[in-house]
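Trainee: Following the hints, complete the assembly by docking chain B onto the known chain A.
Protein sequences, first through last, are from chains A and B.
Under the numbering used here, the first residue of the first sequence carries the number 1, and numbering increases by one thereafter.
Under the numbering used here, the first residue of the second sequence carries the number 202, and numbering increases by one thereafter.
Please keep in mind that the hints were generated in silico from the structure rather than gathered at the bench.
Among these hints, one or two may not hold up.
To be verified - Think about it this way: if two alpha-carbon atoms lie no more than 25 Å apart in a straight line, the pair counts; the simulated BS3-like pairs of lysine-lysine are:
id, chain 1, residue 1, chain 2, residue 2
1, B, K338, A, K74
2, A, K189, B, K222
3, A, K131, A, K189
4, A, K74, A, K189
5, A, K158, A, K131
6, B, K219, B, K338
Stated by the list, open to error - Examples of chain A residues lying across from chain B (beta carbon under 8 Å, computed):
id, residue
7, G90
8, A130
9, T172
In this text, a Cβ means the ideal position worked out from N, Cα and C, and glycines have one as well.
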Amino acid sequence: MTETLSSTPATLDRREAIGALLRARENTLVVTGLGSPSYDVHALGDRDDNYYLWGAMGSAALVGLGLAQAQPEKRVLVVTGDGEQLMAFGSLATIAVARPRNLAIAVIDNHHYGETGMQMSHTGHGIDLAKVAAASGFAEARTLHSLEEVEQAGETLKTPAEGPRLYVLKVTAENHPRSLPSRDAVFIKNRFRAHLGFAAE
Amino acid sequence: MQTTQTEDWPSAVYRTLKAAKVQQMAYVPDAGHSTLINLLNEDPQVATNVLTTEEEGIAISAGAWLGGQRNVLLMQSSGVGNCTNMLSLPAMARFPLLMLVTMRGEWAEFNPWQVPMSRATQPTLEAMGLRTLRVDKAEDMVETVEAAAALAYEADQQVAVLIGQRLLGKKKW
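Bound-form chain A, shown alone (with noise of 0.2 Å):
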């Protein structure tokens, strides 16, 4: 049995946590992954601007990556949970590697699957991806446990950085009700196209 490193504690509710990140948002163009983050951003208003995942597991950050590079004019923010983060390493290598100033990719982190049973996660047995983030040479990278902090984390969306940002909002771990997009990524793809201005051909 290895030591179980310690964890940072976790606190806010992650719809309160989310609504404030989110507050400051504007015009930022927003990425969810699949699970409550997509449901959580879904309750806090459903927009044209939103693109949720279903599926997929371990995109978020990436598809938020792509786009961030065909809109650089724009703010791209990246909802996930700490589950898809961490199967996703090596995405954080990647994204720091392409350096993008105007990607944000906040972790809803509650140290659990919530999805599949609550079992625990490795953020849980301790590994900090802010800490992974910032080795892998994101320009900001941090850990948020209040809700001030979180907000001051959302107006910082609304200025470029260095380069790629990693905010990780540790939640307590529990499921809030359900609040469902749309399953039909066709969609809300071309829903998300059309807000920017291309044709559904």
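Mentor: Below, chain B without anything else, positioned relative to chain A:
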């Protein structure tokens, strides 16, 4: 990798991708694609991403299209196996996807570990709904990539061009 071909197919493919308005490229380092990777990396009009694993490129490609750009993904046949679940994303959202896949394990291969995935490459892609187009002669390359790019970007299809190992030439050690 040394190729036994004298014809410079990577340059022709590069021009074909440029003509198809490709603005992003994602790749896993690969000897068969090395010339094409260099050409795209040196092009200031193309944003390139080096990946830690192939499926990352499926997601980046989707994000590129969401933002109005066309991405091409370069990998080796061994990497196709890493992509299987991620191919749900373009399948469900009907995102265009163009992959150029160099084959290993099928012609004059010295490494037996490349063989199982070479056998599984085309069936795996087709099981996930991709159209596969094979190229075994350098002179067919441009026409095939042109057709694949049209299918992908204009008809919203997911397409993989499989570049035969015989065309790439025997790996020299």
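Trainee: Give me the numbers of the hints this structure contradicts, sorted from smallest to largest.
Mentor: Those not satisfied are hints 1, 3, 8 and 9.
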